[in-house]
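Using the sequences provided together with the hints, build the complete structure.
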Amino acid sequence: MTNHFNRRDFIKAAGVGALISSASLLSSCASLGNNKASIGRVVIIGGGYAGTTAAKYIRQWSNGSIETVVIEKSAQFVSCPLSNLVLGGSKSINDLTFGYDLVQKNHGVKWVNDEVTAIDLGAKKVTMKRGEITYDRLIIAPGIDFMYDELPSLASEEAQKAVPHAWKAGWQTVNLRKQLEAMPDGGIFVMNVPKAPYRCPPGPYERACQVASYLKTNKPKSKVIVLDANAEIVSKKGLFTKVFNEMYAGIIDYRPNNAITDVDVASKTVITDFDKVKADVLNIIPPQRAGKPAQMARVNNDLVGLNNIDKRWCEVDFLTYESKLAPNVHVIGDSVSAALPKSAHIATSQARVCASAIVELMQGRAPDPAPVFANTCYSYVNDKQAIHVANVYRYDEAKKIMVAADGGGVSASPSDQEGDYAKAWAANIWSDVLT
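For the sequence shown, position 83 (counting from the first letter as 1) is numbered 83 according to this note's numbering, and the numbering increases by one without interruption.
Nothing false has been slipped in among the hints.
List of simulated lysine-lysine pairs, DSS-like, C-alpha gap at most 30 Å:
{"hint": "1", "residue 1": "K400", "residue 2": "K292"}
{"hint": "2", "residue 1": "K276", "residue 2": "K221"}
{"hint": "3", "residue 1": "K124", "residue 2": "K73"}
{"hint": "4", "residue 1": "K268", "residue 2": "K237"}
The set of hints was computed from the structure by calculation and includes no laboratory data. Small disclaimer: the values here were computed from a predicted structure and weren't measured.
Pasting the structure below:
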């Protein structure tokens, strides 16, 4: 992947560190307390695109002088980008699953396989199920959490088995694929698009295409109904509209302004302001907010919660990604409140800006005052053809936010060539993040 972020005084180096296994966590955390690197320790909550990228580049750009510890509850990295292709049948979940061993070995990133249960901002301490650790700076990169208070009928694991969201790639993705395979020819697949902002703006529309592609070939009497809470398609509108109307005419039934108010799990019926829609296979993507670790920060046992924008997203300084509510605490990735898309590419770009800023700040220097980065997002419309949108963003000193700059654009139409580019993009970003 092309690195659109140019760090001043780029240091090309890699450290060699130790892996902390969950089995030896308690003793390992104790030893960490007596083994700080010369500058200090950065703890990162979350080993997704944002967190893992930040860990790698803090180690690299500090020449190994900043101890970097990642806390991640999952044993493996499962990519959300390309996971819709599992539903279409051209990818398996194994194709999107990777280990964390190379980023640890190559850069000396320390790894804790555990789940965070508390964050004490005053004590600069993170508590996990099997231990605790202190930090000099903390990065929270927890991805998203689902707002089941708005759809309480889907809150239980049992309900999610029947009506999966599959918006975090993994077992729910596989479950939804199996439901599609079991659906009779002539069955109805119903899915929704939550009100923006949400993770991966074009993702639901790509999903509709992938499901329609599978049904067109294997169950040609079946239909896809898309209930969109938004007034129109929110990303790549012209391209997706054309694909819906031409490639999947008579298969995809797109309905804007159809927010979901409730779900009857037993009968797989969706209730909107206008209608009740019954499905054979039902895929509901709930509204989203910052991941749970961003919500649990406390000072003196008083809940702070870093998701201060609409009680959903985290307000940050876009030069450093430091929280507006908590000094020495940074938030990156999908949890950040910004007009930018919540995408994997943006998450890794934010991670580099944050990593660079932390390296500078921990050495008593000012961070880059004018970061620039790009975002490219591919969407597959069938098993081979894709479309893309690309943008460049720069820091606006007056507005104190990242704004769109000159450059970028969208595909003219779906093509096999774009599909090849999408595969190359995925291979490059996986290599950059995980090695």
